[in-house]
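Protein chains in written order, with the numbering used here: chain A, 1 to 263; chain L, 1 to 128; chain S, 1 to 295.
Worth flagging that the hints you see were computed from the coordinates, not collected in a lab.
Be careful, since some hints might not be right.
Restraint-style ranges between C-beta atoms, simulated for each label pair [said to hold, decoys possible]:
1) N81/A - H6/L: 40 to 48 Å
2) G132/A - H124/S: 52 to 60 Å
3) E256/A - H124/S: 29 to 37 Å
All residues carry an ideal CB built from backbone N, CA and C; glycine is no exception.
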Amino acid sequence: MNRFSALVKREVKTSQKDLFTYGLVIVLVMFASETLQSVFARYAGVPFPAESYNEMFPSFLLLGGFIISSLMFSEDMFGKNTQHDWLMLPATNLEKFLSKALLMIVAYPIVLVVLFFLISVVTEPIQLIIFGNPMAMFNPFRDGDFGFLLAQYWVWTSVFLLGGTYFRKAHFIKTVLAVGVITLALGALGLLFSRIVFAIKFGASMPVSDAMFYLSPVNLSRALSPLKVFSVIAQIFYYAVLPIFCLVTAFFRVEEVQATDAV
Amino acid sequence: MQFNTHSPIYMQIAEYIHDLILSNVWEDGQRIPSVRDMAMELEVNPNTVIRTYSLLQEEGTLENQRGIGYFTAKDARTLVLQKRREHFLKRELPSLFETMERLGLTMKDLQQYADNKEKDDEIEPQEE
Amino acid sequence: MEQAMQENALAVQDGQEVVVHMQNIGFSYAQNHLFNHLDLEIRRGNIYGLLGKNGAGKTTLLKILSGQLFIEEGETKVLEENPQKRTPSLLSEIFYLPEEFPLPKMKASEYLAMRSPFYPKFDHEKFNQYCSEFDIDLNQRLDQMSLGQKKKVLLSFGLATNTALLILDEPTNGLDIPSKRQFRQTVASAMTEQRTFIISTHQVRDMENLIDPIIILHDGKVIFNDTVESVNEKYVLSLTTEQPKADEGMYTEKVLGGWMVLSERTDDREGKPLDLETLFNVIVEQSKGSAGGVK
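Chain A on its own, in the form it takes in the complex (with noise of 0.2 Å):
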């Protein structure tokens, strides 16, 4: 445990600067938005939108956490003249592993969401004072969407992960590739699957036009409902089976991971 606290503190201590500079961007956006909002509803009568924060977290927390996941393991695994610092770190494999996705995937959102609260608890009296524009404090759980977008964030943020450690090079944008390719791959597959369903259930020559029929919201939901099942079976593969398989991938990749070249 105390490895672990060690391997945490290392991690946080060799990217301060970077989080800060992150940081800071973030406070920037969010105060330049707020201020321009304010300054419209104020001279040009554009109702003032009062979910702004709520608005702009999910893009952060989603877009920033990705590419920050991707570039979680780049120096230490892949890095010619960083890497062996990592390697030879007397902690496990595990805990180097855990030390950074734990990082990414509890600490970041919960740091993001505090981040948020502070600066819309410091820009709102301010807006308050200056442009005479209500409070409205940062509320995640406003929308009741919090939960989903934790738990899209929870998946993907282990696929980012995963391409982190797989990919030596250019790791996010291979990754979005990666996804890119497997989407089209599986949507293609899921075609092939869908235009065999239907050939056997109204045989292959059937017209479009007939086809559209049975495809009516009333008879699409009958026509699916054996297909439940599947439904059920595909959430628990998105969001358990996948991210858990890249986290287990991604942590095999940790345990190979060798020094790039030497002689």
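Using the hints, position chains L and S against chain A.
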């Protein structure tokens, strides 16, 4: 200390220690630097110093008191002096005579050199 | 000669625990075979010097035995463990000082606070002592230091970790002349019977009197792993003014004022011991002539 390439380092260190004893930098029965300190001072492998110390221990110049450290022997200076004299008479003197013979120098020339040196030393007694 | 030397090595080193044992190692980069049936044994309580030409694989060997590279063939045991597993118990007994490395953007004192908790036997007093010997300001930022200064910080750190094994890859590269001297002194003073140093170097002269035994890596194999003394006991270098005949001596080298000839030591034959540079040249030269090593 400057090492040369003529003999193994542990031998050179042994000679260096002989010199220290002869010139009374290390007195008889005195405690001497540990292996580690000596290795550090001479910038050599500590195992080399261990080798030197055990060599000197064998010939009786040094004594190892377990748990305390290394000391020069009670009669270290006499021992080294004897060893050096022996070495001079057996090794250096014959080659000196050989050179003298080759250059046509006699004992007379040697005597003359010794007399002159005595005179010089009277004028400048500090010079060695 | 090879077998005689091995027997001698056993006699000298008997009783010292084996800390690194490599057997039948095969390793290659892509299609490029680097090591073929390499064997190596390293015993506790010595300062080993790892010598080899450029590209002989010195760094690769060090990375293999520290678990940073995985072998394709053979067996490696370091302190009774397989280094590829990278267990904390083994890693906390190895310190590796690479040839080149960036250090994080922080003060030396912050680096110490961040890194030292990983080493259970870390000695803060010793660290401060080494740093002051090397004239290092702990409040200076690491990223503003020269390579030499960074090396001195990391070396001080490594010596203070009290690990059983210290691997130093070209440690005197980038050190100025006084620092090289300090380096030798510090390593000599930090040496104990419990520790083992493996120092790879091109600059033999920097460490002439410090490293012993010598490991020579050549053509994918360890062709020599023995003390300098074991060679000097049997062989001697002498200077002659006449050009030696082709069959005279085991090794000859043209030098200023004549030829250096290496021959078997006999009682009446005066001569000088081998310096490391000559030793290296002799061993590498002989391994070319006859596949079985020095004959």
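Against the structure, the hints come out as follows:
1. Separation of N81/A from H6/L is about 43 Å and conforms to the stated range, judged on CB atoms against 40 to 48 Å.
2. Checking the proposed 52 to 60 Å range against G132/A and H124/S shows it holds: the Cβ atoms sit about 58 Å from each other.
3. As the Cβ distance of E256/A to H124/S is approximately 35 Å, the hint placing it in 29 to 37 Å holds.
When held up to the earlier numbered hints, the structure conflicts with none and fits them all.
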